[in-house]
Amino acid sequence: MKRRFFFFLCTLFLFLSACTAPQNDPSVAALAPPEEQRLVVYTSHKEEVYGPIVKEFQERTGIWVEVVTGGTGELLEDIAAQGEVPECDVMFGGGVESLSAYAWLFEPYTCSGTELLKPGLRPEGDLWTPFSALPVVLIYNTKLVEPVELTGWIDLLDGRWKGKIAFADPAVSGSSYTAAVTLLSCLPGETWELLKYFTENLGQPLADSGDVVAAVSGGSKSIGVTLEETALKGIAQGEDIGVIYPAEGTSSVPDGSALVAGAPHPDNARAFLEFVQSTDVQALVVSNFYRRSVRQDVADREELPTEEEMGVFDYPVDWASALKEEFLLRWADLVGEGTP
Amino acid sequence: MRGVGLRASFRKKLLGSFLAVGLVPLVVCVGLILGIFQTVLLRNSMESAQSQIEALTSDLGGLIASCGDVLEELGREELILRAMTGRGRGNGTQVYNALYSAAAPLLREADFALYDAEGKLLYAISNAVPRSLPANWGILAAAREEEGLVCRGTDTGGGCMRMVQAIPGEEGAAGYVMAELREEHFRHLFQGSYVAGNDVLVLDPFWSQVYASPTLQDSTLAPRLRACLMEGRSLDEAGADYTYHVLREEESGFCVLLRQPKPLADGVMRLFYVVAGISILLCAAVCVQVAMRISRQLFEPIRTLNSAMAAVEGGDLDTQVKVTGTDEISQLSGRFNRMTQRLKANLTQSIRQQQELGDAQIRMMQAQLNPHFLYNTLDTLKWLGKINGSQEVSTISADLADILRRSISAEEFVALREELAVLERYVEIQTIRFPGKFDFSLRVEEHLLDALVPKLMLQPLVENAIIHGFEDGSHGHITVEAVQSGELMLLTVRDDGCGMSEESLERFLRREGPQAGNGHLGLYNVDAILRLHYGPDSGLRFLPPPGGRGTCIRVALPISYEKGGEGS
Chain Z
1 MKRRFFFFLC TLFLFLSACT APQNDPSVAA LAPPEEQRLV VYTSHKEEVY GPIVKEFQER
61 TGIWVEVVTG GTGELLEDIA AQGEVPECDV MFGGGVESLS AYAWLFEPYT CSGTELLKPG
121 LRPEGDLWTP FSALPVVLIY NTKLVEPVEL TGWIDLLDGR WKGKIAFADP AVSGSSYTAA
181 VTLLSCLPGE TWELLKYFTE NLGQPLADSG DVVAAVSGGS KSIGVTLEET ALKGIAQGED
241 IGVIYPAEGT SSVPDGSALV AGAPHPDNAR AFLEFVQSTD VQALVVSNFY RRSVRQDVAD
301 REELPTEEEM GVFDYPVDWA SALKEEFLLR WADLVGEGTP
Chain V
1001 MRGVGLRASF RKKLLGSFLA VGLVPLVVCV GLILGIFQTV LLRNSMESAQ SQIEALTSDL
1061 GGLIASCGDV LEELGREELI LRAMTGRGRG NGTQVYNALY SAAAPLLREA DFALYDAEGK
1121 LLYAISNAVP RSLPANWGIL AAAREEEGLV CRGTDTGGGC MRMVQAIPGE EGAAGYVMAE
1181 LREEHFRHLF QGSYVAGNDV LVLDPFWSQV YASPTLQDST LAPRLRACLM EGRSLDEAGA
1241 DYTYHVLREE ESGFCVLLRQ PKPLADGVMR LFYVVAGISI LLCAAVCVQV AMRISRQLFE
1301 PIRTLNSAMA AVEGGDLDTQ VKVTGTDEIS QLSGRFNRMT QRLKANLTQS IRQQQELGDA
1361 QIRMMQAQLN PHFLYNTLDT LKWLGKINGS QEVSTISADL ADILRRSISA EEFVALREEL
1421 AVLERYVEIQ TIRFPGKFDF SLRVEEHLLD ALVPKLMLQP LVENAIIHGF EDGSHGHITV
1481 EAVQSGELML LTVRDDGCGM SEESLERFLR REGPQAGNGH LGLYNVDAIL RLHYGPDSGL
1541 RFLPPPGGRG TCIRVALPIS YEKGGEGS
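These protein sequence lines map, in sequence, to chains Z and V.
Using my numbering, count along the first sequence one by one with no gaps and you end on 340.
Using my numbering, count along the second sequence one by one with no gaps and you end on 1568.
Hints are computed from structural coordinates only; laboratory data are not their basis.
There's no promise every hint is true.
What the hints assert, rightly or not - Distance condition first, Cα-Cα at most 30 Å in a straight line; then the derived DSSO-like pairs of lysine-lysine: (1) Lys324/Z - Lys162/Z; (2) Lys1437/V - Lys1382/V; (3) Lys118/Z - Lys233/Z; (4) Lys1322/V - Lys1013/V; (5) Lys1382/V - Lys1322/V; (6) Lys1013/V - Lys233/Z; (7) Lys143/Z - Lys324/Z; (8) Lys55/Z - Lys1120/V; (9) Lys1013/V - Lys46/Z.
What the hints assert, rightly or not - Ranges of calculated distance between the beta carbons of each label pair, as one might list FRET restraints: (10) Thr279/Z - Ala1065/V: 31 to 37 Å; (11) Ala1065/V - Arg301/Z: 39 to 45 Å; (12) Glu1170/V - Ser220/Z: 55 to 61 Å; (13) Gln1191/V - Arg301/Z: 43 to 49 Å; (14) Asp318/Z - Gly1086/V: 52 to 58 Å; (15) Arg301/Z - Glu1170/V: 28 to 34 Å; (16) Ala80/Z - Val1028/V: 56 to 62 Å; (17) Arg301/Z - Tyr1100/V: 36 to 42 Å; (18) Gln1094/V - Thr279/Z: 36 to 42 Å; (19) Met1046/V - Ala80/Z: 57 to 63 Å; (20) Glu1170/V - Gly83/Z: 42 to 48 Å; (21) Gly125/Z - Met1046/V: 40 to 46 Å; (22) Thr1085/V - Ala80/Z: 52 to 58 Å.
If you're wondering where the values come from, they're calculated on a predicted model, not measured in any experiment.
Quick reminder that beta carbons are idealized off the backbone N, C-alpha and C, glycines included.
Turn these sequences into a full structure, and let the hints guide you.
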């Protein structure tokens, strides 16, 4: 009886499993690329930036790229969490400060043509590869503000712009922290004193760096601090803003790409790094993305001031990294005091 | 307790068999039907999808090849080459003529355009193509690198597919000829090649979407499919209720993907399973019900029979089972009834035999009552007779004493010799009592003298002959014979007296017992003793007397000897 019942159960199970077995088409699996033709890229760039680059890279090399998007900090944390066996090959995007802060995640790689990089952009030890230079600029609402009213960083401490300044929260936005450090570096005076004056004048920061152009263009703020790329894109989209390069000079901190240490596809990752620094991509950076190339042999837009004209100074990356923790603590205190 | 155990095991067996017989075929059939149904449906839809996607892919491949031919033809055109290099500019109509005539067979299938070396649009059939293309980037750069046709997908403007061939110039490319397939071209190309309800996606070699059929609004489908492919999962996981079939167009590396609604939605399958499950449950319930019913029908008579047997076991032989019907169980009941009846009859008979034996023993013991006193008295009488000179008294007393002594002995069997000695004593007494009334003769085969016979068996027979045979006062003759006949010893007592009356004889033969006052008590006793010792057929037998007068009684006994055998 037992044996018969067992037999019956077996039969039933066979039928049911035959009925519900997933039909995996082997011909589909054959279309998937082999492991040596794959690359995993973590990027904090927007799709309009990484899209054409990844597409062209795929078509030129035949390597299938898997793109994972997210905020810079979030992606770096992910890679750190993956530990010894990361899934990621390349971190594409993110300010060099952020990349430096996670230096132990990366493996140095020296691209061919590194000697053609603009001065000051080549990192020590080639831990990362610069992608584009991003000067910090001031913007103003062309309807509310005369261009002559705004000259440089010193105006941000001027009481007449109190509460009228669009500035993203440095705790959230990496570029905003860069802008703050640039401000502190360009103005004479004790660092934390300057910060105190600035926060008093600022009032409440904006939650996201993407809001700065909209806030100024919309008129809720009169002037703002943002990246040149963002400002030029805004102008191209017809926003009512003008750009001022600060008279005191400014920083032009690059964003970069880095090879993840222990990457599953290191050769493909190196090919990708070579590609993003190639003249073709750098030309695209200039022509399509309103950014500045990191190469000397790729000319920036003619209408833009050169680095010398802007008075670009060497951004103190190490100092900025070391300062960040204390800065954010004080920032939180000062901004918290300023708000009821 | 035993009844319950029997019931439980019987029911369980019956139920198990019913379930096995009822359910196993049902489940197997349901499984088979569902499986076959599903398999056939899936295979049909798979085959249909396969043929559709093959048609779609060959359509695309054909179009790409035709475009390649047109582009090649355009590239060879002298006029166009000159237009590219700028030498033939201003000759627009002729160039357009050449362009249209080359593209004539494919005017509705694709757009054709000419770009110069910097990627600026020179001539185009449609205004929808881009005014310029980057020369160092994308498809133009690739075409310059490669001889022959280059196919690329783009996702700008809803996606399109471009085929470019570089026209070789003096240094690098003099210009480019391009064919572009946009949404309307794909729609026109695929029209009627797939079943309504299905959707088509065209993917570039890296699985970016180039075209999606108008009914497919899901713009995230292509990335999901790509993720499935990259992670090695089945494409079907990209969206429920659909299956995906993909085929690569080998020439261009582009993939055509067909999305087909599942032939059986999960809900429908679930309904099938529920229905199958319910019917199996229903069948199980019917099996249980029928098994219970049949077991009850079978079990009731068995239980009755069982308790009846228990009663018989306890000693109640009057137990009877009510018989209903003619089935096997009823036959069994009938046999049981007959068996108890027979058992009861046998028991009654054996009790009666026991009783009879007891009676005979009592009579024998009564006969032995106080024999020593009688014996001593008779001995005294004998001596008194001798002293007084009465010879006859002395003889009778001696004989009587001897008979009495022998009859007292506790042995039931004696040698024939002893029995004959008692008989002679008795005859001597009777001869003195009735002088001249009869004479007596004895004919015994010598070797039978030691054979064993029941004690005091012959004397009552001879007494019967003397008392009843000659009660009319006539003179007669009494003969006692002992002969061997095979294994048996035949003892015959014969007289030529008046014989037994018909009434007494019949009464005796019916074994009704002696009639009061009529005598023959001795015959009854001997008969009873013989039948107790040797079985019911071994009683006295009455033979027709020779000469037709008197009585002839025969006793047939098996011959047996005392310890010591015949010769002792």
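Holds or violated: Lys1013/V to Lys233/Z, with C-alpha atoms at most 30 Å apart
Violated, at about 86 Å.
Cβ distance range 55 to 61 Å for Glu1170/V and Ser220/Z, holds or violated:
Holds - the Cβ-Cβ distance for Glu1170/V and Ser220/Z, about 59 Å, lies within 55 to 61 Å.
Please work out if Lys1437/V and Lys1382/V have their alpha carbons no farther apart than 30 Å.
holds, 24 Å
Satisfaction of the hinted span 52 to 58 Å by the C-beta atoms belonging to Thr1085/V and Ala80/Z
holds, 57 Å
Taking 36 to 42 Å as the stated bounds, is the beta-carbon spacing between Gln1094/V and Thr279/Z within them?
Holds - the Cβ-Cβ distance for Gln1094/V and Thr279/Z, about 38 Å, lies within 36 to 42 Å.
Range hint 28 to 34 Å: satisfied by the CB atoms of Arg301/Z and Glu1170/V?
At roughly 32 Å between Cβ atoms, Glu1170/V and Arg301/Z fall inside 28 to 34 Å, so the hint holds.
I want to verify a distance hint. Is the separation of the beta carbons of Glu1170/V and Gly83/Z within 42 to 48 Å?
violated, 57 Å
Please verify whether Lys143/Z and Lys324/Z have alpha carbons no more than 30 Å apart.
Distance of about 36 Å is beyond 30 Å: violated.
Could one say that the CB atoms of Gln1191/V and Arg301/Z fall in the range 43 to 49 Å?
Distance hint for Gln1191/V, Arg301/Z holds at roughly 46 Å.
Does Lys1322/V lie within 30 Å of Lys1382/V when you go C-alpha to C-alpha?
violated, 75 Å
Note whether the CB distance of Ala1065/V and Arg301/Z lies within 39 to 45 Å or breaks it.
holds, 43 Å
Check whether the Cα positions of Lys55/Z and Lys1120/V lie no farther apart than 30 Å.
holds, 22 Å
Figure legend: structure checked against the earlier numbered hints; hints not met, in rising order: 5, 6, 7, 9, 19, 20 and 21.
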